[in-house]
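Top line first, the protein sequences correspond to chains G and E. Just so we're aligned, residue 1 is where the first sequence starts under our numbering, counting upward by one. Just so we're aligned, residue 1 is where the second sequence starts under our numbering, counting upward by one.
Honestly, the hints are just simulated from the structure, not real lab data. Don't take each hint at face value.
[Claimed, not checked] With a Cα cut of at most 35 Å, we get these calculated DSBU-like pairs of lysine-lysine:
| no. | chain 1 | residue 1 | chain 2 | residue 2 |
| --- | --- | --- | --- | --- |
| 1 | G | Lys244 | E | Lys233 |
| 2 | G | Lys122 | E | Lys75 |
| 3 | G | Lys244 | E | Lys275 |
| 4 | E | Lys123 | G | Lys151 |
| 5 | E | Lys75 | G | Lys151 |
| 6 | G | Lys204 | E | Lys75 |
| 7 | E | Lys254 | G | Lys263 |
| 8 | E | Lys75 | G | Lys65 |
| 9 | E | Lys123 | E | Lys275 |
| 10 | G | Lys63 | E | Lys73 |
| 11 | G | Lys71 | E | Lys115 |
| 12 | G | Lys124 | E | Lys233 |
| 13 | G | Lys71 | E | Lys73 |
| 14 | G | Lys204 | E | Lys158 |
| 15 | E | Lys73 | G | Lys204 |
| 16 | G | Lys152 | E | Lys73 |
| 17 | E | Lys75 | G | Lys50 |
| 18 | G | Lys244 | E | Lys245 |
| 19 | E | Lys75 | G | Lys152 |
| 20 | G | Lys152 | G | Lys204 |
[Unchecked claim] According to the in silico footprint, chain G covers these stretches of chain E (three or more CB under 8 Å from chain G):
| no. | segment |
| --- | --- |
| 21 | 1-15 |
| 22 | 66-75 |
| 23 | 97-106 |
| 24 | 160-168 |
| 25 | 235-245 |
| 26 | 248-256 |
| 27 | 268-274 |
Note that the Cβ used here is the ideal one computed from N, Cα and C, for glycine as well.
Residue strings, one per chain:
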Amino acid sequence: MKIAIASGKGGTGKTTVAVNLALALENVQLFDCDVEEPNCHLFLDIDLEKVEDVNIPTPVIDKSKCDLCGKCSEFCRFNAIAVLPKEVMVFPALCHGCGGCTLVCPNGAISEEDRSIGIIDKNKGNDGFEFYRGLLDIGEPMASPVIAALKKHIDVDRTAIIDSPPGTACPVITSVGDVDYCVLVTESTPFGFHDLLLAIDVVKTLEIPFGVIINRYDIGDNSVEEYCISQQIPILMKIPHDMKIARLYSEGIPFVVRMPEWKDRFVQLFDTIRHEYEEARS
Amino acid sequence: MKQLTVISGKGGTGKTTIAAAFASLAKDAVIADCDVDAADMHLILQPEILETIDFTGLDVASIDESLCVQCGKCKDACRFDAIRDDITINIYECEGCGVCEYVCPEGAVSMVERKAGDAYLSKTRFGPMAHARLGIGEEASGKLVSFVRNNARTLAEKHDKDMIIIDGPPGTGCSVIASITGVDMVMVVTEPSVSGIHDLERVLGVAGHFNIPAVVCINKYDINEENVLLIEKYCSENGVEVVGKLPYDDTPTKAMLREMTVVEYSDGEFSRRVKEIWENVRRHLHETSGHTLLTMAK
Ligand code: SF4
Ligand code: SF4
Ligand code: SF4
Ligand code: SF4
Numbered sequence: 001m002k003i004a005i006a007s008g009k010g011g012t013g014k015t016t017v018a019v020n021l022a023l024a025l026e027n028v029q030l031f032d033c034d035v036e037e038p039n040c041h042l043f044l045d046i047d048l049e050k051v052e053d054v055n056i057p058t059p060v061i062d063k064s065k066c067d068l069c070g071k072c073s074e075f076c077r078f079n080a081i082a083v084l085p086k087e088v089m090v091f092p093a094l095c096h097g098c099g100g101c102t103l104v105c106p107n108g109a110i111s112e113e114d115r116s117i118g119i120i121d122k123n124k125g126n127d128g129f130e131f132y133r134g135l136l137d138i139g140e141p142m143a144s145p146v147i148a149a150l151k152k153h154i155d156v157d158r159t160a161i162i163d164s165p166p167g168t169a170c171p172v173i174t175s176v177g178d179v180d181y182c183v184l185v186t187e188s189t190p191f192g193f194h195d196l197l198l199a200i201d202v203v204k205t206l207e208i209p210f211g212v213i214i215n216r217y218d219i220g221d222n223s224v225e226e227y228c229i230s231q232q233i234p235i236l237m238k239i240p241h242d243m244k245i246a247r248l249y250s251e252g253i254p255f256v257v258r259m260p261e262w263k264d265r266f267v268q269l270f271d272t273i274r275h276e277y278e279e280a281r282s
Numbered sequence: 001m002k003q004l005t006v007i008s009g010k011g012g013t014g015k016t017t018i019a020a021a022f023a024s025l026a027k028d029a030v031i032a033d034c035d036v037d038a039a040d041m042h043l044i045l046q047p048e049i050l051e052t053i054d055f056t057g058l059d060v061a062s063i064d065e066s067l068c069v070q071c072g073k074c075k076d077a078c079r080f081d082a083i084r085d086d087i088t089i090n091i092y093e094c095e096g097c098g099v100c101e102y103v104c105p106e107g108a109v110s111m112v113e114r115k116a117g118d119a120y121l122s123k124t125r126f127g128p129m130a131h132a133r134l135g136i137g138e139e140a141s142g143k144l145v146s147f148v149r150n151n152a153r154t155l156a157e158k159h160d161k162d163m164i165i166i167d168g169p170p171g172t173g174c175s176v177i178a179s180i181t182g183v184d185m186v187m188v189v190t191e192p193s194v195s196g197i198h199d200l201e202r203v204l205g206v207a208g209h210f211n212i213p214a215v216v217c218i219n220k221y222d223i224n225e226e227n228v229l230l231i232e233k234y235c236s237e238n239g240v241e242v243v244g245k246l247p248y249d250d251t252p253t254k255a256m257l258r259e260m261t262v263v264e265y266s267d268g269e270f271s272r273r274v275k276e277i278w279e280n281v282r283r284h285l286h287e288t289s290g291h292t293l294l295t296m297a298k
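The shape of chain E in the complex, shown without the other chains (with noise of 0.2 Å):
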C-alpha cells in the first residue's frame, strides 16, 4: 500500500484544495484528513459519517477536595504550572504526566480519562475517508493523527484500497511528525512568497529528518516569478523534484464555494495543470520503494 502526505509548513497554501483534487483523481485511494485542528476537507468531500469513535487522548488530573489538605505538595512538583494557588487543576496546561499524583501525601488526586475529540469513518463520492475532531486546545493532537491514519489504514485493507492520501498539518511539531512517519513520499504545497519559502525548507527539512522522500509543488506561481527561481534553485540544489506549478487563480474558492474539488468544477487551465501534478506524483510514488512502511506509527 502506498502513502501520500500533502503538507505545507505554512497553511493557506492551497494544500487541502489539492489533496481534495487528488482525491478525486485517485481511482483506489483512501483519504485521511490529518489536519486534525481545523479540519477542511470535509467541506469540499461531503462525507456520510458512518462511525463515530471517541478519541481520549492523555489523562488529566483531578483533585478530590475533601481528601486534600492543601499542603501544595503538588503544586510544587508540578513542572507545567498547571495547578493554580487554591489547588485547582488548569486542563488546559496539564500534560497528564501522573507527578501530582504521586507526591500528594493524602491520595487526593487521581487521574482520569477524558474525551480528546472524535474520529470518524466515513463514504464520500471518491471512496472511504478517515478524519477527526480534536476538542479545543487538547494536547494529543499527533496522537489523534495517528489514530486518525490507523483508521484510514483498516478503511484501505476492509475496502481494498492500495492507496492512502493524507492532508496534513501545517507546522512542523508533532502533528506534522505523525502524519509523515512512514509514508511513502510527502508533496509540500508552497507559494512564491518570502514566508513560502522559509517554511519550505523547513517542512523539507523535517522530511528529511525523517528519511522520507519528498515532492514540491508551488501553487500561485505567478505572484512573484523571481522567487520561484528560488524555490526551483533550492529544490535542485537538495534533490527535490518540483512536480508542477499552478497559477493564482479563483477557481478553487469557486469550487470550495460549491462544494466541488478543483477538477470537478472546471475544465480550465487550474484542473488541467493539478491533473498533471497528480500524474507525476503518482508515477513517483510507484517509483518509490515502500523501505519506510513498518516504521508507520502507532
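Extracted from the complex, chain G is given alone in its bound form (with noise of 0.2 Å):
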C-alpha cells in the first residue's frame, strides 16, 4: 500500500507525520519526495549511500554536420536551443529531455548526453526499514523528474509512506498520483486552512482517497475541524501543540523514539488509513 503524506502549505508537520508513521511500522519503505529540501534523513539516525544519478538526457550538437537551418530551435518549446549565426547554443537547465530536437534535425547533427540534475540515495544496511530521498542540485529547476526515478524504488509488495513536497504544481502530483491514500497534514489557522483547502481540490482532482491530520490543533480556531466534520472527511490524528515535541523535532528527534506513548496512536493511525482505504475501494 502506497501512502502519501503532503499538504498545500510547507512547514505544517508532513515529515514529522511521515517519519513518525514510517517508525512505528514494520516492514516499511519511506520516501522523501520533498527532493528540492529533503528533511528526512535529519529525523533518522543512518548513513545515506549513493543509488544513481538522475539523468536528463540533454542535446550535443557535433558542428561538423550541422548547417545551422534552425529546425531544433524551430521545434524546442523550452527555448533550450538556439541558432545563432555561427553556432548553435543549448541552455542545459532549460532542456527537459524531450527529445525533439534530435528527431528534427534534417543532419544527424545532434546527439544526446546525460546530464545529472539530482541524485538519488538510500540507507546503508537496512534491517526492514528502507529509506530513500531524491535531492535536486542547487540551481536546477525541474524537481519531477527526481521525484519520478525515486518513485521507481517503491516496491508494491511492502508498506510505502511517501513524504510530497508542498504546494499543489507538478511536483505534488508526481509524488502523490498513483497513491492508494493521501494524508493531508494541516494546522488550525487561517493560511493552514486555505492551504488545506487547495490539497483538498488536488486529491479529489486526482481521485484520491484522503484524510486530514491537523497539527497544532489546539492554536487558531476551529475552522479545520469544523469543515472536515461538515464535509464528512475523516480526521485522522490531532496532535497538539506542545512545547516538547517542538524542542524534539528541533533537534530532529522523532516524538515515538522519546514519548512512546505516540508509537501505538502511528500504528492506530496505520490501521485507520487502511479501514479507510478499504472502504473507499468497496
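Grab the two chains, each in its own frame, and use the hints to assemble them into the complex.
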C-alpha cells in the first residue's frame, strides 16, 4: 500500500508525520519526495549511500554536421536551444530532455548526453526499514524527474510512505499521483485552512481517498475541524501544540522515539488509514 | 527600483507573516505574492481585485480520435509517460514538448493552449499588489511567478513606486529560481531546527548560485538557542548577515485570525522586533547596487 503525506502549505508537520509513521510500522519503505528540501534523513539515525544519478538526456551538437538550419530551435518549446549566426547554443538548465530536437534535425547533427540534475540515495544496511531520498542539485529548476526516478524504487509488496513536497503544482502530482491513500497534514490557522482547501482540490481531482491530520490543533481556531466534520472528511489524528514536541523536532528527534505513547497512536493511524482505504475501494 | 524577495527554503517558518508586515511598513512598495501554488498573503492583505488576467502555461497535447489509427508511435516517442496505453493523454504528465505531434503519421495530434491559472492586479490598504492562483497540478509555476513579477513591475511604474516586496515560494526549484532572479536582495526566514538549518544552507546556495545578496532572519529563536548559534556561525562564515531574531510567539496566529499584519495587530515585543528587522533590511537594500536588475526573467 502506498500512502502519501502531503499538505498545501509547508511547515505543517508533513515530514514529522511521515517519519513517525514509518518508524512505528514494520516492513516499510519511506520516500522523501520533497527533493528541493528533503528533511526526513535529519530525523533518522542512518548513513546514506548513493544509488544513482538522475539524468536528463541533453542535446550535444556536432558542429561538422550542422548547417545552422534552425529546425531544432524552432521545435524546442522550452527555449533550450538557440541557433545563432555561427553556432547552436544549448541551455541545459532549460532542457526537458524531450528528444524533439534530435528527431527534427535533418542532418543528424544532434546526439544526446546524460546530464545529472540530482541524485537518489538510500540508507545503508536496512533491517526491514528502507529509506530513499531524492535530492535536486542546487540551481536546477526541475524537480519532477527526480521524484519520478525516486518512485521507481517502490516495492509494491511493502508499505510505502511518501513524504510529498508542499504545494499543488507538478512535483506534488508526480509524488501523490498514483498512491492508494493521501494524508493531508494541516494546522488550524487561517493559512493552514486555506491551503488545506487547495490540497483537498488536488486529491479530489486525482480521485485519491484522503483524510486529515490536524497538527497543533489547539492554536488558532476550529475552522479546520468544523469543516472536516461538515464535509465528512475523516480526521485521522490530532497532534497538540506541545513545547516538548517542538523542541524534539528542532533537535531532529522523531517524537515516537522519546514519547512511546505516540507509537501506538501511529500504529492505530495506519490501521485507520487501511480501513478508510478499503472502505473507499468497495 | 529595488526588489526584495522573502524566501524560506522550508515552509512554515513565518515567511508570509514577515513579508506582510514589511508590506505594511514600507511606504512606497508594490507587493507581489509569488508563492503561487499556495498563496496566502491575500488572507492578511485582503486585496480588492481590480483586474484578472488569464494565465496560459505550456501547451498540452490533444488527440483527435477520428484521425488516430492507434499505431502507438506517439506513445513510444513520449519520454514523459504522458500517453496511456489506450492512446489518451494524461494532462498532468504532459510537458507540452510537441514530440507526439511531430511523430504522428496521421496528423491526429495537435498542441492546444491551456489555461494554467489566473493572475490578479489588486489594491490593498498598503498599496498595489500582484498575485495569482495556479491551476491544480500545473507545470508552469516558474512561468507564473515571472508573470506575477512582471505585473508587479507594471504596477510599480504606473503608481510610481520604487520598491517591490516579493513573497517567494518554498523549495529550491523552478518557482524559487524565478522569484529571485534579478532581485536586489533576498531575505531568508529560517528557524533553529535541524531542518530549518539544512534548508537554509540549500536556499542560500541557490541565492549564491545566481549571485544574489542575501540576509537571514531567525524566527522562533527561543525554541533551540544552541541551533541559533550554529546558524549565526554558519552565516558569519559565509558572509551573510543575520538581520534579526524573532521569538516563538502567538502574535502571528492572533493577527492572522483578525486578518491583520503583526504590526497592525500589536505594539508588543514581536512587532517591535519586526520593525527593527525591516529597518535593517531597508538599509541593506539601499546599499546594494542595482547591478542585477537587467537579468530579470522574462
Ligand atoms: S536542426 Fe540540426 S542542422 Fe539544423 S541547426 Fe539544429 S543542429 Fe544544426
Ligand atoms: S531535448 Fe527537447 S527540451 Fe531539450 S533542447 Fe531538445 S527540444 Fe529542447
Ligand atoms: S506533448 Fe510531449 S509530453 Fe505531452 S504527450 Fe506529447 S510527447 Fe508526451
Ligand atoms: S501516433 Fe498518431 S495515429 Fe499513432 S497512435 Fe499516436 S495519435 Fe494515433
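Each hint tested on the structure:
Using a Cα cut-off of 35 Å, the hinted pair G:Lys244 and E:Lys233 holds, with the two alpha carbons roughly 26 Å apart. With a C-alpha separation of about 32 Å, the suggested pair G:Lys122 and E:Lys75 falls inside the 35 Å cut-off, and the hint holds. A C-alpha spacing of about 30 Å is found between G:Lys244 and E:Lys275, which places the hinted pair at or below 35 Å, so the restraint holds. Simply put, E:Lys123 and G:Lys151 have alpha-carbon atoms about 43 Å apart, too far for the 35 Å limit, and the pair is violated.
Restraint check for E:Lys75 and G:Lys151: satisfied, since their Cα atoms lie roughly 21 Å apart, inside the 35 Å limit. Straight-line distance between C-alpha atoms of G:Lys204 and E:Lys75 comes to about 27 Å, which keeps the hinted pair within the 35 Å bound. Between the alpha carbons of E:Lys254 and G:Lys263 the distance comes to roughly 32 Å, so the proposed pair stays at or under 35 Å and holds. At roughly 29 Å between alpha-carbon atoms, E:Lys75 and G:Lys65 fall within 35 Å of each other, so this suggested pair holds.
In summary, the hint linking E:Lys123 to E:Lys275 is supported, as the alpha carbons are separated by about 23 Å, within the 35 Å threshold. A threshold of 35 Å between alpha carbons decides the hint, and for G:Lys63 with E:Lys73 the separation of about 30 Å falls inside it, so the pair holds. A hinted pair counts as satisfied when its Cα atoms are at most 35 Å apart, and G:Lys71 with E:Lys115 qualifies at roughly 28 Å. Simply put, G:Lys124 and E:Lys233 have alpha-carbon atoms about 31 Å apart, close enough for the 35 Å limit, and the pair holds.
As the CA atoms of G:Lys71 and E:Lys73 are separated by approximately 21 Å, the hinted pair is consistent with the 35 Å bound. The hinted pair formed by G:Lys204 and E:Lys158 fails the criterion: a straight-line CA distance of about 41 Å is larger than 35 Å. For the proposed pair E:Lys73 and G:Lys204, the alpha carbon gap of about 32 Å is at most 35 Å, so the pair holds. For the suggested pair G:Lys152 and E:Lys73, the alpha carbons sit about 24 Å apart, so the restraint of at most 35 Å is met.
The hinted pair formed by E:Lys75 and G:Lys50 meets the criterion: a straight-line CA distance of about 32 Å does not exceed 35 Å. Of the supplied pair hints, the one linking G:Lys244 and E:Lys245 holds, its CA atoms being roughly 21 Å apart against a limit of 35 Å. Simply put, E:Lys75 and G:Lys152 have alpha-carbon atoms about 19 Å apart, close enough for the 35 Å limit, and the pair holds. Restraint check: the Cα-Cα separation between G:Lys152 and G:Lys204 comes to about 24 Å, which is no more than 35 Å; the hinted pair holds.
Counting residues of the segment 1-15 of chain E whose CB falls under 8 Å from any CB of chain G gives 6; the rule of at least 3 is met. Counting residues of the segment 66-75 of chain E whose beta-carbon sits less than 8 Å from any beta-carbon of chain G gives 0, not enough to reach three: the coverage restraint is violated. With 5 residues carrying a beta carbon less than 8 Å from a beta carbon of chain G, the segment 97-106 of chain E meets the three-residue requirement, and the given coverage holds. Here the segment 160-168 of chain E counts 0 residues with a CB under 8 Å from a CB of chain G, which misses the bar of 3, and the coverage is violated.
Against chain G, the segment 235-245 of chain E contributes 0 residues with a C-beta closer than 8 Å to a partner C-beta. That does not satisfy the three-residue criterion, and the hint is violated. Using a Cβ-Cβ cut-off of 8 Å, 4 residues of the segment 248-256 of chain E lie near chain G, which meets the minimum of three, so the contact claim holds. Counting residues of the segment 268-274 of chain E whose CB falls under 8 Å from any CB of chain G gives 0; the rule of at least 3 is not met.
The earlier numbered hints that this structure contradicts are 4, 14, 22, 24, 25 and 27.
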